[in-house]
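Enquirer: Required output: the full structure, derived from the provided sequences and hints.
Here is what each chain is made of, one letter per residue.
2 protein chains.
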Amino acid sequence: MNSSIELKRHSLSHIMAQAVLEMFPEAKLAIGPAIDNGFYYDFELPRTLMPEDLPLLQKRMERIIKENQVFECYTEPIAKAIDFYKKLKQEFKVELIADLKKAGEKEVSFYKNSTFVDLCRGPHVESTGKIQNGSFCLDKIAGAYWRGDEKRPMLQRIYGLAFDTKKELNEYIQMRKEAEKRDHRKLGKELGLFTFSDNVGPGLPLWLPNGAVMIEELEKFAKEEEFKAGYVRVRTPHITKGKLYELSGHLSHYKVSMFPPMKLDGDEEEYYLKPMNCPHHHMCFAATPRSYRDLPLRYAEYGTCYRYEDSGALFGLMRVRSLQMNDAHLYCTEDQFEQEFIAVTEMYLRYFKRFNIKKYVMRLSLHDPRELGRKYLDEPELWKRTEDMVRRAMIKAKVPFVEVPNEAAFYGPKIDIEVESAIGREFTLATNQVDFGIPKRMGLSYIDEKGNPQVPLCIHRAPLGTHERFIGFLIEHFGGMFPVWLAPVQVQILPIADAHVAEAKKIVDALRAQFIRADVVLPTETLGKRIRNAELLKVPYMAVLGDKEIEAKKLNIRDYKTKAQTEFAVEAFTGKILEEIRTRAL
Amino acid sequence: MNSSIELKRHSLSHIMAQAVLEMFPEAKLAIGPAIDNGFYYDFELPRTLMPEDLPLLQKRMERIIKENQVFECYTEPIAKAIDFYKKLKQEFKVELIADLKKAGEKEVSFYKNSTFVDLCRGPHVESTGKIQNGSFCLDKIAGAYWRGDEKRPMLQRIYGLAFDTKKELNEYIQMRKEAEKRDHRKLGKELGLFTFSDNVGPGLPLWLPNGAVMIEELEKFAKEEEFKAGYVRVRTPHITKGKLYELSGHLSHYKVSMFPPMKLDGDEEEYYLKPMNCPHHHMCFAATPRSYRDLPLRYAEYGTCYRYEDSGALFGLMRVRSLQMNDAHLYCTEDQFEQEFIAVTEMYLRYFKRFNIKKYVMRLSLHDPRELGRKYLDEPELWKRTEDMVRRAMIKAKVPFVEVPNEAAFYGPKIDIEVESAIGREFTLATNQVDFGIPKRMGLSYIDEKGNPQVPLCIHRAPLGTHERFIGFLIEHFGGMFPVWLAPVQVQILPIADAHVAEAKKIVDALRAQFIRADVVLPTETLGKRIRNAELLKVPYMAVLGDKEIEAKKLNIRDYKTKAQTEFAVEAFTGKILEEIRTRAL
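Respectively, the protein sequence lines represent chains A and B. Going by the numbering used here, the first sequence opens with residue 1, and the numbers climb by one from there. Going by the numbering used here, the second sequence opens with residue 1, and the numbers climb by one from there.
Careful: at least some of the hints might be erroneous.
[Unchecked claim] Calculated cross-link-like contacts (lysine to any residue; reagent style SDA-like; alpha-carbon spacing at most 20 Å):
1) B:K223 to A:D519
2) B:K263 to A:G443
3) B:K228 to A:L297
4) A:K228 to B:T574
5) A:K529 to B:D294
6) A:K189 to B:A286
7) B:K59 to B:S109
8) A:K263 to B:D265
9) A:K263 to B:E269
10) B:K86 to B:S109
11) A:K223 to B:P261
12) B:K384 to B:V402
13) B:K223 to A:R512
14) A:K228 to B:V70
15) A:K255 to B:P261
16) A:K189 to B:A287
17) B:K505 to B:V402
18) B:K505 to A:L297
19) A:K440 to A:F410
20) B:K228 to A:E268
21) A:K243 to A:K529
22) B:K228 to A:V508
I should point out that these hints are in silico values taken from the structure, not numbers from a laboratory. No experiment lies behind these values; they were computed from the predicted model shown.
Expert: Right under this line is the structure:
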């Protein structure tokens with residue numbers, strides 16, 4: 001992809017190198033590619049850069065842009081190119097060209113603007129003047145090993161941000177600032193949502209009371225929706241004999257992502273932590289003989305699975321080793337498949353609405369015929385049939401989707417769903433998978449209308465993904481300012497002085513009797529500090545309680561979101577908040 | 001204990017042996033003790049006993065009792081006793097006496113009634129006539145190895161039931177019959193509550209939809225009660241580094257009950273399944289600095305633990321390897337201890353009421369000073385102080401209790417609670433423990449009013465025990481006839497014919513919109529069969545729906561418990577059942 005913005009970013013990396021060479025003629029140049037939000041270039045310099053250098057460099061770059069220097073491309077035979085850089089003592093470039101020679105290249109291309117020349121495949125913008133004034137800025141300095149190899153020299157990398165327009169650049173900077181403020185690890189700590197413990201292990205979040213509230217509320221919500229949609233629930237252990245995964249095929253297809261087994265003394269069996277709930281659910285299905293009349297049968301469980309992720313890959317709540325999944329498995333006949341699949345898709349859309357998720361992408365992940373029998377179950381016809389079924393169902397549900405080859409599960413095609421947070425960051429949250437393979441392998445069957453055994457299809461779905469990732473997403477999406485029904489603390493009453501505590505407690509007791517999460521914040525600290533704390537915790541409703549309020553029998557409620565202050569009688573406020581909770585208002 | 005009933009039971013085992021010898025003079029006698037509900041005796045006989053033999057033997061026993069034979073005790077030197085039995089070719093008795101000789105005994109005692117003599121320590125009733133007519137019966141025949149050793153001869157064991165009075169015997173037989181009908185394994189299968197899978201492993205129940213409903217309802221109930229009582233919730237992973245249990249002391253005191261560790265490649269740490277939730281909760285406590293103002297802090301979690309029980313010890317839901325615990329840990333100061341402990345005890349009593357548990361025993365389990373440093377933490381003063389604190393709190397709460405030495409947890413004294421089911425069977429359900437040891441070991445602390453660090457006390461409590469054992473208990477206690485709020489299916493509507501299905505669905509939809517667990521049972525089977533099925537499932541409310549009901553816009557509700565039939569408008573019935581659910585009526 002050489003999109004217009006990529007040309008600009010890559011051109012800017014040349015312009016930056018040019019500016020660096022002006023400042024440090026001894027600078028040795030390494031490489032300078034375009035990246036997602038701009039560009040960078042790695043240099044060996046006579047001294048360590050300081051943040052103060054960046055505006056100076058940026059000024060030089062702006063001058064070069066103003067001069068509207070033309071980018072010219074030319075090629076040279078390899079030997080001559082090496083010679084050129086040897087003379088300039090640019091050893092990194094020499095090494096790069098030597099590698100190209102080894103790879104069989106006979107000549108290399110250069111790009112030149114004014115006096116600056118760089119080894120480069122191109123392409124570039126026509127001339128430096130194509131870059132809009134104010135559409136880029138130098139961002140930060142970092143260290144980077146030459147060729148990423150810690151045994152090679154440590155270089156200095158300068159990052160720049162670049163967009164087509166000044167407006168876009170400013171929006172990006174704004175979004176990034178906001179994202180930093182909303183970082184789920186930062187907010188997770190500030191709001192008392194979760195913690196990690198060295199004694200327990202990496203990737204294993206401990207959910208503190210405020211985070212546990214969110215989990216409970218999400219589960220309550222999901223359970224209600226699933227009840228309405230005709231699901232039933234099961235509860236299965238977190239461990240199993242290895243035998244189950246030999247049967248299901250997980251040991252041959254999935255072992256690398258699983259925790260190692262537990263070997264019991266005097267027991268031949270090895271036990272595993274479950275990395276998925278499906279084989280356990282299949283055993284529930286298999287517990288009694290099934291008839292077509294039992295289908296569709298929809299088993300839901302908020303099951304916790306464990307997957308072994310390399311400790312280097314772990315990241316906050318986004319990549320963890322424990323996964324509390326909003327899981328369900330729908331067993332159905334082929335005739336029922338389309339309706340069930342569409343219903344699941346519509347459930348996703350309902351959920352998105354509930355959480356104010358406005359942008360999402362659904363990707364239909366297909367198999368690759370060349371990987372049959374390795375990455376995928378060797379059932380070419382079933383692959384074709386189920387992929388067609390999913391495609392048809394998606395079209396019928398009128399949900400836009402894109403198709404991606406070679407990303408299916410090993411047992412069937414799937415829909416991967418990416419959502420975009422309120423500030424435009426993308427998260428892969430949920431999947432909706434078809435399984436034509438494992439029910440058959442595990443011998444699941446039902447008796448059809450004619451009395452013959454048939455293998456059910458199975459839909460795996462997890463619209464709210466895992467608590468870990470979904471709450472991580474919600475923290476950023478809402479910036480910690482959760483809808484009332486999800487807010488860990490919903491109301492704080494701040495009695496001004498000791499004399500007002502008894503009345504505050506009475507009010508809070510009345511709210512708590514309705515299961516509203518209300519607290520009294522005792523006057524052991526100043527009112528100002530308590531108000532600031534409530535704001536740090538982003539408590540949706542706060543009320544200061546003094547003589548005036550007690551006398552008037554009113555609560556002066558401050559709304560965190562709107563900053564409005566409104567007077568309510570306690571009953572009226574209770575009614576208002578209960579209605580917001582009941583409807584799960586945004 | 002040689003209670004009167006034990007004397008009778010033991011005497012009956014002699015009388016039975018006497019009767020057996022009358023029938024089979026070649027019989028060789030092994031041993032015949034009193035047991036919980038009667039007695040048994042093991043014999044080697046010339047032929048296999050048949051059930052028809054029991055009434056014949058019983059008649060002979062009744063004759064012996066009528067003859068009012070006097071039990072006389074006398075002793076013999078060991079050599080003479082061996083001689084005596086050698087002559088009678090009673091090799092088992094010879095072996096028993098030889099063992100007594102090895103143990104240093106010089107003489108042994110015999111009991112004689114009429115012509116029957118048996119090696120016996122006694123004591124016995126005065127004479128056979130002390131046994132009330134009809135107060136015993138022969139129960140069953142079983143096989144048993146001599147001395148429990150499968151390499152020794154297989155003997156025939158006859159069991160008898162015996163009580164003080166005929167009435168008590170009959171009550172016991174009645175209770176046992178009822179208990180068999182209520183057996184949680186039998187009802188668990190019939191009601192579709194849970195299953196086990198060979199592929200998953202023994203002691204690991206898979207909860208089917210009807211059982212999962214009960215779990216969900218119990219959790220909802222516990223969470224509401226805990227919210228009211230000022231608990232907050234946490235959620236912690238099921239695994240941890242071994243490091244946590246080195247810190248807590250579980251690896252040295254509890255390892256034998258734990259699953260073996262998982263060894264990660266390239267990671268020095270071993271990971272364990274948690275056998276208890278406390279160390280994880282302690283890490284939540286330790287996540288931030290604590291002040292006395294944060295106490296009491298009450299962390300609740302329905303956490304699933306895993307304990308390694310020998311597969312031979314597993315029994316239905318009563319002894320399992322996965323334990324979903326109604327757990328909580330209360331951190332408090334010594335001053336707060338009494339109030340917290342009493343509040344917990346009162347919560348137990350409230351729960352008992354909710355589940356109609358009328359009889360319970362609380363046992364205060366104390367340490368044994370001789371086991372300090374081995375079975376118990378070596379803190380003699382803390383033991384004394386905390387045991388006193390618990391004793392005082394129990395007295396203050398006015399809850400009767402008994403004291404039992406040498407049954408404390410390794411970290412402090414505890415209250416063990418046994419409850420009695422509706423049919424009089426006892427279950428050990430729950431504990432309430434004081435922990436003065438582990439918070440200290442794990443470095444937990446809070447800053448007191450004077451700014452000094454202090455170690456909190458910790459109360460471990462689990463009033464509803466584990467889902468596994470508690471639901472096992474409830475199944476027997478209610479005989480599967482659960483209160484409406486706990487019933488897996490609350491209402492079934494049975495349309496008489498296809499013409500009534502649409503209306504039935506409409507009614508069920510209206511009920512389900514209120515989260516009432518209502519189903520339509522389609523007329524694919526005869527009405528009679530569907531009614532029988534509803535009764536087998538013990539569905540609290542059932543209504544047959546035909547032209548008459550549809551026309552009258554009424555439901556003719558059959559109440560499973562009372563067998564009454566009552567007409568309701570749909571709204572009135574909805575109101576009634578919602579109220580029953582809301583109040584969790586019995």
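Enquirer: If a hint holds in the structure, say so; if it doesn't, say that too.
Expert: Checked hints:
Using a Cα cut-off of 20 Å, the hinted pair B:K223 and A:D519 holds, with the two alpha carbons roughly 18 Å apart. Straight-line distance between C-alpha atoms of B:K263 and A:G443 comes to about 32 Å, which puts the hinted pair past the 20 Å bound. Straight-line distance between C-alpha atoms of B:K228 and A:L297 comes to about 37 Å, which puts the hinted pair past the 20 Å bound. About 17 Å separates the Cα atoms of A:K228 and B:T574, which keeps this hinted pair within 20 Å; it holds.
Note on A:K529 and B:D294: the hinted pairing holds, with a Cα-Cα distance of about 17 Å set against a maximum of 20 Å. Note on A:K189 and B:A286: the hinted pairing holds, with a Cα-Cα distance of about 14 Å set against a maximum of 20 Å. Using a Cα cut-off of 20 Å, the hinted pair B:K59 and B:S109 is violated, with the two alpha carbons roughly 29 Å apart. Among the hinted pairs, A:K263 with B:D265 is consistent with the structure: their alpha-carbon atoms are about 15 Å apart, no more than 20 Å.
For the suggested pair A:K263 and B:E269, the alpha carbons sit about 16 Å apart, so the restraint of at most 20 Å is met. For a cut-off of 20 Å, the pair hint linking B:K86 to B:S109 stands: about 17 Å separates their Cα positions. Straight-line distance between C-alpha atoms of A:K223 and B:P261 comes to about 34 Å, which puts the hinted pair past the 20 Å bound. Distance check on the hinted pair: B:K384 and B:V402 sit about 17 Å apart at the alpha-carbon level, within 20 Å; holds.
A hinted pair counts as satisfied when its Cα atoms are at most 20 Å apart, and B:K223 with A:R512 qualifies at roughly 13 Å. For the proposed pair A:K228 and B:V70, the alpha carbon gap of about 74 Å is over 20 Å, so the pair is violated. Of the supplied pair hints, the one linking A:K255 and B:P261 holds, its CA atoms being roughly 18 Å apart against a limit of 20 Å. For the hint linking A:K189 to B:A287, the alpha-carbon distance of about 10 Å falls within 20 Å, and the restraint holds.
Between B:K505 and B:V402, the direct Cα distance comes to roughly 55 Å. Violation of the 20 Å bound is thereby established for this hinted pair. The straight-line distance between the Cα atoms of B:K505 and A:L297 is roughly 18 Å, inside the 20 Å bound, and the hint therefore holds. At most 20 Å may separate the alpha-carbon atoms for a hinted pair to count; A:K440 and A:F410 meet this at roughly 14 Å. Restraint check for B:K228 and A:E268: the C-alpha separation of about 48 Å exceeds 20 Å, so the hint is violated.
The hinted pair formed by A:K243 and A:K529 fails the criterion: a straight-line CA distance of about 59 Å is larger than 20 Å. With a C-alpha separation of about 12 Å, the suggested pairing of B:K228 with A:V508 holds against the 20 Å cut-off.
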